[in-house]
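Peer 1: Chain by chain, the residues:
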Amino acid sequence: MERKPLALTVLDILSALSLLIATYLALFYAPTEAVMGAVQRVFYFHVATAWVGLLGFLAAGFAGVMYLVRHDLKWDVIEVAAVEISLVFFFIAIALGSIWARPVWNTWWTWDPRLTTAAITELVYLAYFMLRQGIEEVERRARFGAVYTLIGAVSAPVTFMAIRLFRTIHPVLFGASSEAAKGEFSLAPGMRVAFFFALFAFTILFVDLFWHRIRLGRLAARVDQARLQAG
Amino acid sequence: MKPRAPFLQSVWAILWKDLAAELRSRELFSGMFIFALLVIVIFNFAMELDVATRRSVTAGVLWTTFFFAGTIGLSRSMAMEKDRGSLDGLLLAPVDRAAIYFGKMLGNLLFMLLVEALILPLYSFLYNQNLFNGGLFLVILLGSLGYAAVGTLLASMSIQARTRDLLLPILLFPVLLPLVIGAVKASGGYLSGAAREEILPFLNLLLTYDVIFLSISYMLFDSVIEE
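Here the protein sequences come in this chain order: V and G.
First residue of the first sequence? That's 1 in this note's numbering, and the numbers climb one at a time after it.
First residue of the second sequence? That's 1 in this note's numbering, and the numbers climb one at a time after it.
Simulated from the structure, these hints should not be mistaken for laboratory data.
Just so we're clear, the structure is a prediction, and the values are computed from it rather than from any experiment.
Treat the hints loosely; a few may be bogus.
[To be verified] So, partial list: chain V residues that the calculated Cβ filter (under 8 angstroms) puts toward chain G:
hint, residue
1, Tyr29
2, Ala38
3, Val39
4, Val42
5, Val65
6, Ile120
7, Ile151
8, Val154
9, Thr159
10, Ala162
[To be verified] If you want the ones that stay clear, here's a sample from chain G, every Cβ over 10 angstroms from chain V, calculated:
hint, residue
11, Trp16
12, Arg24
13, Phe132
14, Leu167
[Stated by the list, open to error] What follows is a set of in silico ranges between Cβ atoms, one per label pair, in the way DEER data are often shown:
hint, chain 1, residue 1, chain 2, residue 2, range
15, V, Leu123, G, Gly89, 31 to 41 angstroms
16, G, Thr64, V, Gly37, 39 to 49 angstroms
17, G, Val51, V, Arg102, 33 to 43 angstroms
18, G, Glu197, V, Arg102, 34 to 44 angstroms
19, G, Glu27, V, Pro5, 52 to 62 angstroms
20, V, Ala95, G, Ala52, 37 to 47 angstroms
21, V, Lys74, G, Ser30, 42 to 52 angstroms
22, G, Arg26, V, Pro103, 51 to 61 angstroms
23, G, Glu48, V, Gln133, 50 to 60 angstroms
24, G, Ser25, V, Val138, 53 to 63 angstroms
25, G, Lys82, V, Pro103, 50 to 60 angstroms
Glycine is no exception: its CB is placed at the ideal position from the N, C-alpha and C atoms.
Please take these sequences and the hints and turn them into a complete structure.
Peer 2: Below, the structure written as structure tokens:
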């Protein structure tokens, strides 16, 4: 039995601690936004979870390419881990965003580029798991998974641009914003601290979860192998 | 080993093989066509396609019909190869894998265009709306090309999975969204006689989609059928 690496345990503790601090900063330290009030505090974790979703999305695309080039099942395990994390965290980001949007936009949902692209990516990833479920052969499952991850990775930016041809109301925090955006605000110094710390905390959490999930995938593969040998 | 056949000749041979098989059985085309017709009938009663509604939804109804009928064609055309064992024959043949992709893709595209060519006058006839419009034809060509490009790749994956027919639309529709937006908006623009500047962004979108997904499907096809 492979022992859990010490660095991973340290990372567990670190991510739990930094999450606690991020929660404190978001809920108590950051000043209350003047117009939106307390609901604006959702934003710190909303952006951070979307960020983790994006990291997973990028890691999945990268692992997909690596698998098709190297044909090493190691990359397949990494790809599944990344897709799973991305699926969960995009979902959390969408849920948190809806909680914020209800009072500010006066609707739970709107077909905005970001919202729709995140939702479509969720659907792509659900389809990804359905595809994998339908194939027993390990090598083929990995190959098809990688192909579909790549198709999804390419289609997401195209989807985003396509929906952008319509007007958007999603606020843009950095860079130019569209005139139609609703619910914009500028980051006060206290907010900035809470915001960047949340990003930092969730990045650590991402690395921690990613590591755990890859380890789990490797162990699962070993169990499968042992079961085959046992007949 | 025999030398590889020239690329275009192999593409043509595969396309011709599909056409000849279809000419004899006619099952693919008639299936797609009757299904498309049924979708239009269902739309008629589901949405009450009176004159006012029709003006705004015709483009959407047409594309939904084409896309749904298209999935039937895609899964049949690949399942036929798999079930008759002719896929193995194709893979053994001394032709470029890319030629197999383009041959199958062109076949799928052709069947879709045929169905569309029949549905358009029928829709015009049923709803007394003139669909004879050069711009619309261009949009249909671009939209169907993108659809066949990504559909052929995904269908050749889904037929190798246990849940094959169930799987294809689930894999296909999420990545089809840009195509839906571009095709519906551009067709609607041409049908309502909108200005060129309004339609152009959506034509560009269709063109971009076609180029991107043709190239990526062409590159990935090798990984999907390698045995």
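Peer 1: Each of the hints needs a verdict: does it hold here or not?
Peer 2: Hints, one by one, checked against the model:
no. : hint                                    : in the structure
1   : Tyr29                                   : violated (40 angstroms)
2   : Ala38                                   : violated (35 angstroms)
3   : Val39                                   : violated (30 angstroms)
4   : Val42                                   : violated (27 angstroms)
5   : Val65                                   : violated (11 angstroms)
6   : Ile120                                  : holds (5 angstroms)
7   : Ile151                                  : holds (6 angstroms)
8   : Val154                                  : holds (6 angstroms)
9   : Thr159                                  : holds (5 angstroms)
10  : Ala162                                  : holds (4 angstroms)
11  : Trp16                                   : holds (28 angstroms)
12  : Arg24                                   : holds (31 angstroms)
13  : Phe132                                  : holds (27 angstroms)
14  : Leu167                                  : violated (6 angstroms)
15  : Leu123/V / Gly89/G: 31 to 41 angstroms  : holds (36 angstroms)
16  : Thr64/G / Gly37/V: 39 to 49 angstroms   : holds (43 angstroms)
17  : Val51/G / Arg102/V: 33 to 43 angstroms  : holds (38 angstroms)
18  : Glu197/G / Arg102/V: 34 to 44 angstroms : holds (37 angstroms)
19  : Glu27/G / Pro5/V: 52 to 62 angstroms    : holds (58 angstroms)
20  : Ala95/V / Ala52/G: 37 to 47 angstroms   : holds (38 angstroms)
21  : Lys74/V / Ser30/G: 42 to 52 angstroms   : holds (48 angstroms)
22  : Arg26/G / Pro103/V: 51 to 61 angstroms  : holds (59 angstroms)
23  : Glu48/G / Gln133/V: 50 to 60 angstroms  : violated (40 angstroms)
24  : Ser25/G / Val138/V: 53 to 63 angstroms  : violated (36 angstroms)
25  : Lys82/G / Pro103/V: 50 to 60 angstroms  : holds (53 angstroms)
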